[in-house]
Amino acid sequence: EPEVTQTPSHQVTQMGQEVILRCVPISNHLYFYWYRQILGQKVEFLVSFYNNEISEKSEIFDDQFSVERPDGSNFTLKIRSTKLEDSAMYFCASRTPYGYTFGSGTRLTVV
Amino acid sequence: SQQGEEDPQALSIQEGENATMNCSYKTSINNLQWYRQNSGRGLVHLILIRSNEREKHSGRLRVTLDTSKKSSSLLITASRAADTASYFCATVSTDSWGKLQFGSGTQVVVTP
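Quick mapping for you: the protein sequence lines, in order, are chains A and B.
Read in order, the letters of the first sequence are residues 4 to 114 in the working numbering.
Read in order, the letters of the second sequence are residues 26 to 137 in the working numbering.
In isolation and in its complexed conformation, chain A is listed as follows:
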């Protein structure tokens, strides 16, 4: 069964550093998403991406965040200057009209 692949599975970074979280969505999916889940809290929508541009973003997705699909396969989330409160699980998802597939997540720890 096709999978959404996320790398790395765990990243530790110092506050103020830039991180790039990577995702390989399912190849024939057209809609891509990033979500995050702070430990013990609900999953929160960050951004949706369609046709090589952002289609919707949440209040969380401020100027320190950006997304890219640089080569037609990878889908990346960049956090420019990480804060302690960015520590969370970050999930990538892609979808067709029939359903969503989530990656297994990247656990980001900001120290």
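Hint data in this document are derived by calculation from the structure and do not stem from the laboratory.
Mixed in with the good hints, there may be bad ones.
Said to hold, decoys possible - Straight-line Cα separation of at most 20 Å, EDC-like style, residue types lysine to aspartate or glutamate; simulated pairs:
{"id": "1", "chain 1": "A", "residue 1": "Lys-86", "chain 2": "A", "residue 2": "Glu-59"}
{"id": "2", "chain 1": "A", "residue 1": "Lys-45", "chain 2": "A", "residue 2": "Glu-71"}
{"id": "3", "chain 1": "A", "residue 1": "Lys-81", "chain 2": "A", "residue 2": "Glu-71"}
{"id": "4", "chain 1": "B", "residue 1": "Lys-51", "chain 2": "A", "residue 2": "Asp-65"}
{"id": "5", "chain 1": "A", "residue 1": "Lys-60", "chain 2": "A", "residue 2": "Glu-71"}
{"id": "6", "chain 1": "A", "residue 1": "Lys-45", "chain 2": "B", "residue 2": "Glu-78"}
{"id": "7", "chain 1": "B", "residue 1": "Lys-94", "chain 2": "B", "residue 2": "Glu-78"}
{"id": "8", "chain 1": "B", "residue 1": "Lys-51", "chain 2": "B", "residue 2": "Asp-108"}
{"id": "9", "chain 1": "A", "residue 1": "Lys-45", "chain 2": "A", "residue 2": "Glu-56"}
{"id": "10", "chain 1": "A", "residue 1": "Lys-60", "chain 2": "B", "residue 2": "Asp-120"}
{"id": "11", "chain 1": "B", "residue 1": "Lys-81", "chain 2": "B", "residue 2": "Asp-120"}
{"id": "12", "chain 1": "A", "residue 1": "Lys-86", "chain 2": "B", "residue 2": "Glu-78"}
Claimed, not checked - Going by beta-carbon spacing under 8 Å, a handful of chain B positions derived as facing chain A:
{"id": "13", "residue": "Ala-44"}
{"id": "14", "residue": "Leu-68"}
{"id": "15", "residue": "Leu-73"}
{"id": "16", "residue": "Arg-75"}
{"id": "17", "residue": "Trp-122"}
Computed from a predicted model, the values in this text were never measured in an experiment.
Glycine residues also receive a C-beta, built at the ideal position from the N, C-alpha and C atoms.
Following the hints, put chain B in place on chain A, whose structure we already have.
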């Protein structure tokens, strides 16, 4: 306002029993989905029910949707220890690009 709130927050049952959890939401939806998450792991899609559907089955799962009450229920029949996980409902609103709005989840523990 909260979208997709589950009830109960936690549920403890024995193997073989049925587990029922409920979800309420506030906006008009395109569809409602249920996901499962094992501790510290990814989200696994269980079932999707569209706004024009009232009931759906998948294996031991049964989902109902009542759009007039803006609520859904997930029933797991004949539960197993392996069903121990957190279960989340998530809605897709009619005015969105397919973004999922998750509830806080129901933590289910099934003891052998």
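Hints, verified against the model:
no.	hint	in the structure
1	A:Lys-86 / A:Glu-59	violated, 23 Å
2	A:Lys-45 / A:Glu-71	violated, 25 Å
3	A:Lys-81 / A:Glu-71	holds, 8 Å
4	B:Lys-51 / A:Asp-65	violated, 26 Å
5	A:Lys-60 / A:Glu-71	holds, 14 Å
6	A:Lys-45 / B:Glu-78	violated, 26 Å
7	B:Lys-94 / B:Glu-78	holds, 14 Å
8	B:Lys-51 / B:Asp-108	violated, 28 Å
9	A:Lys-45 / A:Glu-56	violated, 26 Å
10	A:Lys-60 / B:Asp-120	holds, 13 Å
11	B:Lys-81 / B:Asp-120	violated, 24 Å
12	A:Lys-86 / B:Glu-78	violated, 43 Å
13	Ala-44	violated, 20 Å
14	Leu-68	holds, 4 Å
15	Leu-73	holds, 6 Å
16	Arg-75	violated, 11 Å
17	Trp-122	holds, 4 Å
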